[in-house]
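Peer 1: Residue strings, one per chain:
There are 2 protein chains.
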Amino acid sequence: MADSSWTSSAKSLKGVILDLCGVLYDSGEDGGTPIPGSVEAVKRLKASDLKLRFCTNETQASRDKFVAKLQKMGFDISVCEVFSPAPAAVAVLKDRGMRPHLLVYDGLLSEFESVDQTNPNCVVVGDAAGNFTYENLNDAFRVLIGLEKPVLFALGKGRYYKEADGLSLDVGPYMKALEYACDVEAEVIGKPSSAFFHSVLSDMGLQPHQVMMVGDDLVNDVGGAQLCGMTGLQVRTGKYRPSDQQHRSVKADGTVDDLAQAVDLLLGARAGPL
Amino acid sequence: MADSSWTSSAKSLKGVILDLCGVLYDSGEDGGTPIPGSVEAVKRLKASDLKLRFCTNETQASRDKFVAKLQKMGFDISVCEVFSPAPAAVAVLKDRGMRPHLLVYDGLLSEFESVDQTNPNCVVVGDAAGNFTYENLNDAFRVLIGLEKPVLFALGKGRYYKEADGLSLDVGPYMKALEYACDVEAEVIGKPSSAFFHSVLSDMGLQPHQVMMVGDDLVNDVGGAQLCGMTGLQVRTGKYRPSDQQHRSVKADGTVDDLAQAVDLLLGARAGPL
Chain A
797 MADSSWTSSA KSLKGVILDL CGVLYDSGED GGTPIPGSVE AVKRLKASDL
847 KLRFCTNETQ ASRDKFVAKL QKMGFDISVC EVFSPAPAAV AVLKDRGMRP
897 HLLVYDGLLS EFESVDQTNP NCVVVGDAAG NFTYENLNDA FRVLIGLEKP
947 VLFALGKGRY YKEADGLSLD VGPYMKALEY ACDVEAEVIG KPSSAFFHSV
997 LSDMGLQPHQ VMMVGDDLVN DVGGAQLCGM TGLQVRTGKY RPSDQQHRSV
1047 KADGTVDDLA QAVDLLLGAR AGPL
Chain B
797 MADSSWTSSA KSLKGVILDL CGVLYDSGED GGTPIPGSVE AVKRLKASDL
847 KLRFCTNETQ ASRDKFVAKL QKMGFDISVC EVFSPAPAAV AVLKDRGMRP
897 HLLVYDGLLS EFESVDQTNP NCVVVGDAAG NFTYENLNDA FRVLIGLEKP
947 VLFALGKGRY YKEADGLSLD VGPYMKALEY ACDVEAEVIG KPSSAFFHSV
997 LSDMGLQPHQ VMMVGDDLVN DVGGAQLCGM TGLQVRTGKY RPSDQQHRSV
1047 KADGTVDDLA QAVDLLLGAR AGPL
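So the protein lines, in turn, are chains A and B.
Under our numbering, the first residue of the first sequence carries the number 797, and numbering increases by one thereafter.
Under our numbering, the first residue of the second sequence carries the number 797, and numbering increases by one thereafter.
It is worth saying that the hints were derived from the structure and are not from the lab.
Any given hint might turn out to be false.
Label-pair distances were calculated between CB atoms; the ranges are [claimed, not checked]:
hint: 1; chain 1: B; residue 1: S910; chain 2: A; residue 2: D979; range: 31 to 41 Å
hint: 2; chain 1: B; residue 1: K945; chain 2: A; residue 2: D979; range: 28 to 38 Å
hint: 3; chain 1: B; residue 1: E944; chain 2: A; residue 2: G903; range: 32 to 42 Å
hint: 4; chain 1: B; residue 1: D935; chain 2: A; residue 2: S995; range: 28 to 38 Å
hint: 5; chain 1: A; residue 1: S844; chain 2: B; residue 2: D912; range: 32 to 42 Å
hint: 6; chain 1: B; residue 1: K861; chain 2: A; residue 2: L905; range: 36 to 46 Å
Cβ atoms here follow ideal geometry from the backbone N, Cα and C, with glycine treated the same way.
All chains should be modelled from the sequences, with the hints used to inform the complete structure.
Peer 2: Printed below as a string of structure tokens:
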């Protein structure tokens, strides 16, 4: 069952941005498994005349390792096509001369190697899963509360993601914890930040109305893209929940079963009569 | 340096409520140490004609064990004089027929022994310090997100408290994390909830305007008491920070160095001419 009214603008599209986790694959203990049909769907998009980029809030590993994992699953994807929060954060930190205390996955630390981390004057929090111990969150809190003007960066603000054994807390709840503890508002780097989406659009050389974002996260993928002026399509895989369709403030331009169906409908509509 | 204008109403007071941690003692690895002059100050209040109660958001141990610790420090205090969130939560759970999943200190579990905890239909989060692992918070999150209508109770909502080696995260930030993850608002049991303060006033048999609350926490002690119609006095011990005096919405009726000075000024004013 797919609402296909969103395909009416299919012919005017010039590019597509895909979220990764929950759209291409489901994460899990073993690194994750491709969602059926998604490897082939990416191949079909690449063979089309649409420009393609990948935009993720993935912060569990450096971009190199992460892309290698996707290639091993069979995806035709390269590092320069993938936009993720850590490299964007490094650019912001250098630009503003800030020295971060990092609360992130061990696998992400290498992305920050070029940034001075002595005598920290800000905190960067990403998804950290098992690294979110009380002691580690308290250490980050003590850095922030000890600053005259606490500055907190969050690599995304997702509530939770789906793993093989169920839903798991993402970075957002921990960002909220530090915000409340220190009475600050975090600067979010990654989806749904418009600055992040615009950096992708700029790389594609396209205007927002020419691009469609496909994601499983109603607020961060769909809502963020729509705020930028893009079309936002939600897939019923990954963290999709039926209650998303009654969300207070975000309404997807369309909802499809999965990426394979999205590509089918999209390419079909582009091939059909005007 | 003490602003003593608050003593003008000293003669009309009939009772005093004291916060415990940060007013009577500082917590620490070894169970804590009394703040200088506080043992004597409690003794003087008890010898006066004022009614005295203790009101704490302490949830690290059962009330029995906690009071025994204070007695060992030299304080003249008994269990029936102490109001804490866990017994109040048990009353609410039973009243509403709710079965909690508990995320609290191990030492607090015995307080909930009389409550059915099978097949949970709500979560109770208290300060849990080292028990706030990613896994434990995720377990609580999964209970909540699996409920048709998630119900979250928080034993207090403090941001942080002071330990011997620095400030440490309290229950509030973790409450906020779960609120954000599940898009719910927690019901706070304990300070600054008016229902909690009113249960203390009712036990004292006094009206709010007849009672003064003394605490180190501007929002939960002072602000909560003021919302009930009590006088709120802040001590410069415990988690007091100079920036409290520029707080956006709460202004203490008075600020004193410590409990000893508060009792000196209070009893002095009551003994003086009208």
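Peer 1: Each hint: holds or not?
Peer 2: Structure-based check of each hint:
no.	hint	result
1	B/S910 <-> A/D979: 31 to 41 Å	38 Å, holds
2	B/K945 <-> A/D979: 28 to 38 Å	30 Å, holds
3	B/E944 <-> A/G903: 32 to 42 Å	37 Å, holds
4	B/D935 <-> A/S995: 28 to 38 Å	37 Å, holds
5	A/S844 <-> B/D912: 32 to 42 Å	58 Å, violated
6	B/K861 <-> A/L905: 36 to 46 Å	42 Å, holds
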